[in-house]
Amino acid sequence: MPSPLKISLFIPCFVDLMYPRVGISMVRIFEKLGHKVVVPKGPACCGQPAFNTGYWDQSREIAIRLMESLQNAEVVVIASGSCGAMMKVFYPELFAGTKYEALARALAPKCHEFAGFLVNQLGVTDLGARFPHKVTFHDGCHGLRELNNKRPPRELLSKVNGLELLEMDAAETCCGFGGTFSAKFPAISTAMGEAKCAAALATQAEFVVSCDSSCLMQIQGLADKRQLPVKTIHLAEVLVQA
Amino acid sequence: MNTPASQFNADARRVSADLRHRGIIRTAMNNYEVVRDRRKAGFQDWQGARDLAARTKCETISHLDTHLEQFARLLEARGTVVHWAANAQHARDIILGIVRGKNARVIVKSKTMTSEEIHLNEALENAGCEVVESDLGEFIVQLREEPPYHLVFPAMHLTRAEIQQTFQRKSHDAPSDNPEDLTMVARRVLREKYLQADVGITGANFAIAETGMISITENEGNARLTAALPQTMITLIGIEKVLPRLEDLALFLPMLAVMGTGQPLACYNTLYGGPRQPGEADGPEEFHVVMLDNRRTTLLADAEQRDALGCIRCGACLNVCPIFCNVGGHTYGTVYGGPIGSVITPHLRGLHEWKHLGYASSLCGACSETCPVRIDLHHHLLQNRRNASYAKPIRWQKLAFQLFALVANRPRLWSLTTRLARLGQKFHGLIKGRALDPAQAWTRTREIQPIARQSFHEWWKERGK
Amino acid sequence: MNEREHLFTRIREALTVKTPAHHGDSLPTSAEHRCVLPTVGTTMDEQLALFAQNAADLKATFILVNHEDDLARALQVLADKEQWQRVATHQGGLANKLAGLLGLPLLMVDGGYDKSALALCDAGISECDALVAQTGSVVVTSMTAGGRALSCLPPHHVVITRRSQLVPDLTSAFSLIREKHAAHYPSMISFITGPSRTGDIERILVLGAHGPKQLTIFCIQD
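Protein chains in written order, with my numbering: chain A, 1 to 242; chain B, 1 to 465; chain C, 1 to 222.
Hints may be right or wrong, so weigh each one.
As the list claims (entries may be wrong) - Here are the simulated DSS-like pairs of lysine-lysine, each with C-alpha atoms no more than 27 Å apart in a straight line: (1) Lys102(B) with Lys184(A); (2) Lys231(A) with Lys432(B); (3) Lys6(A) with Lys159(A); (4) Lys465(B) with Lys41(A); (5) Lys41(A) with Lys110(A); (6) Lys110(A) with Lys184(A); (7) Lys170(B) with Lys213(C); (8) Lys32(A) with Lys461(B); (9) Lys110(A) with Lys150(A); (10) Lys102(B) with Lys115(C); (11) Lys81(C) with Lys97(C); (12) Lys392(B) with Lys184(A); (13) Lys392(B) with Lys231(A); (14) Lys40(B) with Lys150(A).
No wet-lab data here; the hints were simulated from the structure.
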């Protein structure tokens, strides 16, 4: 057993408010693996909404505080691929040419999305979980393309007892959430979400699993409005099931 | 007032709800993906090829002046007239001048998006010329008086039945809706035109500095006939299309074909280095090349985004873009649609009027992932958003983000807000999805996820006790 | 300052702001190109087989013959089968000689010709500069293959070539063009890769959009 780590867990704002079980599952999983989890006192958000909308100054206000709160962290695990990408990939861009650039560049390599962290950093794929259901996996775009996180979640799912993974058509196509995009262009966002729901339904899976609660919020929100038999669940919530 | 943004919104709403449109585009794109991936797999190292292509374009654009100078000098040395146009008006004037000088009546054109950019057909028609688009897709949309739907597939939004109707309406004999029969109708009509035409106008995919040649990629042979039969040939080309050496085409021609149409190589890749030379059987007596700026130098001056000038107009980013596939090519209201269009249009036509294109993206990054020359498209969209908000911030938005930063940065304020939000949610049920609902953009088509009875931070705090 | 100078000034001013050359700032060599592009085999036989395979995929007809006489016979068979009434060709070399043997009215394009007459020919018979194994392409030029229209206007393009004209890949085709023509480049150089085609209607492949509906490549094994 490798020496236990002190993992700083960052729970993004919407996960905190709407999907606390995702964070709780992560705490339980890391502790089961013998690591120590800390939740640093700091901002509730990574600053992505402002960043994506073009308000980089307002985004920096949050990002600076968050970087400072994580300055002494050994490793940082982020409970969302999207926020993970923000901290790992976009912070250095956000602070390029400012006095905080060094801080951003120092933080980036310490930041990991949950599934990528388990597989690539901890070398863990089998958590002894049991989830006797057919599931399909939706790749969140940021996790997939900014963090190159295609393989880790599938490796983790492949070791879950009783679980059958049914890949959907166009698994890599965006669900249409896109942060403020979903509210600025609801018609396009909805059309994209409909296609995603249809692809998921076509697999006859019971659950749509993802590493991003924001995607699941979009998919579940649409499905519920239309009363489609789609159920969503975060990967961490699957892996915590015994 | 109808601004580009309001037009975009209205069209996007209409088209993205159009299931028929969605079906047509999805079928076309699925087929494209299959053949494209097969061709990519034929490369020894596709990602390596993208690196080399990006490197080539990066070098070329950083020394654009040198390459352009060489290109023009060599082209002129063999009797071609090279013109330089600062903007659309200027380019139109140059071309109209040539056309008038030849007393041209019939003009045949092969596919050129750059000519859409300068509204050339309209200008030529106003000058009394008959202008015929010779690429089949362009020919179809010209008959329908529509702009091209897609950079590479101008008529991909139309079914065979619609095309048959279009032909019949324009009194072309079209006895069936079989694609082969329809193609033969166009072939017959256009053969006449090639023989009649006084002037042929083409675009170009590349300009080779080393030899002073333009390179045209096509499948139908229409550009070859346009460049072979009329007595005068005019090529309109953006200044960014230059490549340093002949052998660069060994990389770019296959990559363009793979990404454009999923072919290993397009049917005709043709270099033109001048008018008919002594000892040659045919070819135009005069060859004019019009080099167009039209604010490309504005984009060049933006060091952050100048890689977008490396675009080879393969259309691959459109094909993988979920926004493009849902709103369709016409919704953009731009010459260049899809991600590349959303990146460059604000530079070419004004940030303020076209900034909405940067926001109309979920930033999924499928475009950047596919781009053969590795243009960082979705990051450029983010930069355009930033540039727009700095240039002209929307006051309430800025205030909202300031307020959010204030709350998010203070754990105690955040926990207070959590409790307030829970309270607010109780009342939200009364207005949910209605006109009064501040969240109606979301709730009209989607349920809202309730705030948990205990937030993560509340749980963590309790656990620590 | 004229328009050209204005434009170059704008370019040079724009380029005063340097950008980090994150993709590198040197042009790749042909060796680098060859490491990423599709493989072409190492022997002449492999490359010939690759060309034949590519031609078949492109729906072109590739016919290998042992000798000039065999080619004349094969061409006659084709002319009879397709019921050619008249054909067009160009001076110099084998194409001209073989077309003459058909005994059909012959349009020679050299030195100018009537375009409508060329459009009425059933076939254009031309030489070529090279065959490219990698892509199944035929390289023609306005200097060596009868101008610009002969290989494109008649509904059937027939290419007369020799095995020694086969080159492995596009890179070698471009070096060949440079070696052969650098002193005075032809005004047109075309890589013809299969018969004319379109997919503009519902992405369904149709051959013979504007150019030839058929492409036949005769190759003599010399």
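Structure-based check of all given hints:
Distance restraint check for Lys102(B) and Lys184(A): the Cα-Cα separation of roughly 52 Å exceeds the 27 Å cut-off, and the hinted pair is therefore not satisfied. For the proposed pair Lys231(A) and Lys432(B), the alpha carbon gap of about 22 Å is at most 27 Å, so the pair holds. For a cut-off of 27 Å, the pair hint linking Lys6(A) to Lys159(A) stands: about 25 Å separates their Cα positions. This hinted pair checks out: Lys465(B) and Lys41(A) have alpha carbons roughly 16 Å apart, not beyond 27 Å.
At most 27 Å may separate the alpha-carbon atoms for a hinted pair to count; Lys41(A) and Lys110(A) meet this at roughly 18 Å. For the hint linking Lys110(A) to Lys184(A), the alpha-carbon distance of about 33 Å lies beyond 27 Å, and the restraint is violated. Pair hint Lys170(B) plus Lys213(C) holds up; C-alpha atoms about 26 Å apart against a cutoff of 27 Å. For the suggested pair Lys32(A) and Lys461(B), the alpha carbons sit about 20 Å apart, so the restraint of at most 27 Å is met.
Taking the CA atoms of Lys110(A) and Lys150(A), the gap is about 20 Å. The hint holds against a cut of 27 Å. For the hint pairing Lys102(B) with Lys115(C), the CA-to-CA distance comes to about 19 Å; that is within 27 Å, so the pair holds. Our distance criterion of 27 Å between C-alpha atoms is met by Lys81(C) and Lys97(C), whose separation comes to about 20 Å. As the CA atoms of Lys392(B) and Lys184(A) are separated by approximately 18 Å, the hinted pair is consistent with the 27 Å bound.
Distance hint between Lys392(B) and Lys231(A) is unfulfilled; the C-alpha atoms sit about 42 Å from each other, more than 27 Å. With a CA separation close to 20 Å, the supplied pair Lys40(B) and Lys150(A) stays within the 27 Å bound.
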